[in-house]
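Asks: Chain by chain, the residues run as shown.
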Amino acid sequence: MTTSQPTSFLSEILEGKPIPPSKLGYFRARLSNRLHELVLDTFVKREADGEITRAELARRIDRKPEQVSRWLGAPGNWTIDTASDLMLGMGCELGLFAIPLGQAQTSQAVTTQAVTTYASTVPLGPPGYNANNIFINGAQVARNPDVIETHLAIRNWVSGYIGQQSAAFTFSPSPAGSPPPQTHNPPTHSGEDQFAKNVIPLHQSRDTHRSAVPLIQFEQVGS
Amino acid sequence: MLSVKDRFSGLWFPKTLPYHKSAMIRWIISNSLTCAVLTYMSIRVEIGNRISEERLFLLSPAMPGSHIVRPMFVSLEIKDLVLGPWDDAEWEERCGQLRADLDRYIECRRITVAARPYHARTAYMAQLDELRDEAWEIRSRDPEPSLRVFGRFADTDWFVALTWWKRADLKGPDSREWRDAIEGCKAEWRRLFPTYPPKTGANVNDYISTNVFLV
Chain L
445 MTTSQPTSFL
455 SEILEGKPIP
465 PSKLGYFRAR
475 LSNRLHELVL
485 DTFVKREADG
495 EITRAELARR
505 IDRKPEQVSR
515 WLGAPGNWTI
525 DTASDLMLGM
535 GCELGLFAIP
545 LGQAQTSQAV
555 TTQAVTTYAS
565 TVPLGPPGYN
575 ANNIFINGAQ
585 VARNPDVIET
595 HLAIRNWVSG
605 YIGQQSAAFT
615 FSPSPAGSPP
625 PQTHNPPTHS
635 GEDQFAKNVI
645 PLHQSRDTHR
655 SAVPLIQFEQ
665 VGS
Chain H
2 MLSVKDRFSG
12 LWFPKTLPYH
22 KSAMIRWIIS
32 NSLTCAVLTY
42 MSIRVEIGNR
52 ISEERLFLLS
62 PAMPGSHIVR
72 PMFVSLEIKD
82 LVLGPWDDAE
92 WEERCGQLRA
102 DLDRYIECRR
112 ITVAARPYHA
122 RTAYMAQLDE
132 LRDEAWEIRS
142 RDPEPSLRVF
152 GRFADTDWFV
162 ALTWWKRADL
172 KGPDSREWRD
182 AIEGCKAEWR
192 RLFPTYPPKT
202 GANVNDYIST
212 NVFLV
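Protein chains in written order, with this note's numbering: chain L, 445 to 667; chain H, 2 to 216.
So that you can see chain L by itself, here it is in the shape it has in the complex (with noise of 0.2 angstroms):
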């Protein structure tokens, strides 16, 4: 048997009734562990890299290493304050952006809706693919004219965001000087899925990025 009552979940959130308590606790906790989260993956990320140590964290936002360790361990604690020191430490700040929940039960729609919001947030750079369309599960989406650097992150974004491991995507080449054609498979829901959805590197920030690199420009499919 399983305790799923995926249909009914929202209902009280998408018809305007008053929100019972449970699904109030559930979010608020839901918000918590996901930010908590995002720190996290992106603190396992630079540390991979060799970009950064629980010791150089700690001592670049002045903290005890043993603080740091309890913040990574698990948002108990963490204010909006905690999270913006300890993405700050590792050279990040959060991007923020609300979905809409009534939307959130169709994964066209979600994938839709979360791609052109990523899209008009995050500038990516430097190029590296041009990708012409993008297709999810086979269907074409979303069309970006613009230059992708970072498919990886997008596809690894999109198939975490809508919780399909099975979220193929295929990146048709544009014409010169661009890779052959790439269908990468489905990611596992790894850390990596999660990395870099909601990170913005300061270094690649909007304000030194956007004359030189374009932003992604997503056009749904119809419009």
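Since the hints were made in silico from the structure, they are not lab data.
Glycine included, each C-beta is placed from N, C-alpha and C at the ideal position.
Each hint should be verified, as a subset may be incorrect.
[To be verified] Covered, in the sense of this in silico footprint (three residues per stretch, anywhere, with C-beta under 8 angstroms from a C-beta of chain L), are these stretches of chain H: (1) 54 to 66; (2) 93 to 104; (3) 120 to 129; (4) 190 to 196.
Given chain L, put chain H in place with the hints provided.
Replies: Below, chain H alone, put in the same frame as chain L:
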């Protein structure tokens, strides 16, 4: 040789199944059929039996669109804790937060695990002393009251959550209450799987295959 359909309908489950059990079977087929068929009477099959008896329940993520990546099977008492009904609004809210914490495991999001017992009290998960007990806890620390879900691994990534406690009721790390809680977890396991030991391992990845951060 029996077909897959025959195996599931004739041997492991009643022939006529309500919808929710069919869904469970489809989940097992899609996620562990190969292993289950190759190891004919594995503990995974036993879990299927306990589910058909409604002594265990497969906990699914609450959010639509989320998928089970690391399966968690819960006892009736944990199912009631997570899904209610609850006595009051404050407890209902707390249990909603617990469910979000459990979903973090199920959705295979990165979790922190204590490198050893009595270490890293903020870690999401820890193996309890003594290690040979193969008892684990999931810590839902905030807000108060801090909760502990006790369980054991049936296989890599397959966690069976058996009992729960308020942390304050367990008292200090060497208390009789802690010892009783661990023994209660083991006893519950034996009731469900009398002939199957829990998963044992030499390192954390023997229990949790990916997305683990040791603290």
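Asks: If you count the residues of the segment 54 to 66 of chain H with a beta-carbon closer than 8 angstroms to a beta-carbon of chain L, do you get 3 or more?
Replies: Result for this restraint: holds, n = 10.
Asks: Quick check: the segment 120 to 129 of chain H, covered by chain L? Criterion 3+ residues, Cβ under 8 angstroms.
Replies: holds (count 5)
Asks: Apply the coverage criterion to the segment 93 to 104 of chain H and chain L: a residue qualifies when its Cβ sits closer than 8 angstroms to a Cβ of the chain, and three qualifying residues are needed.
Replies: Satisfied; 11 residues make the cut.
Asks: With a cut-off of 8 angstroms between beta carbons, are at least three residues of the segment 190 to 196 of chain H near chain L?
Replies: Per the Cβ count (0), the hint is violated.
Going through the hint list in order, the structure does not satisfy hint 4, though it satisfies all others.
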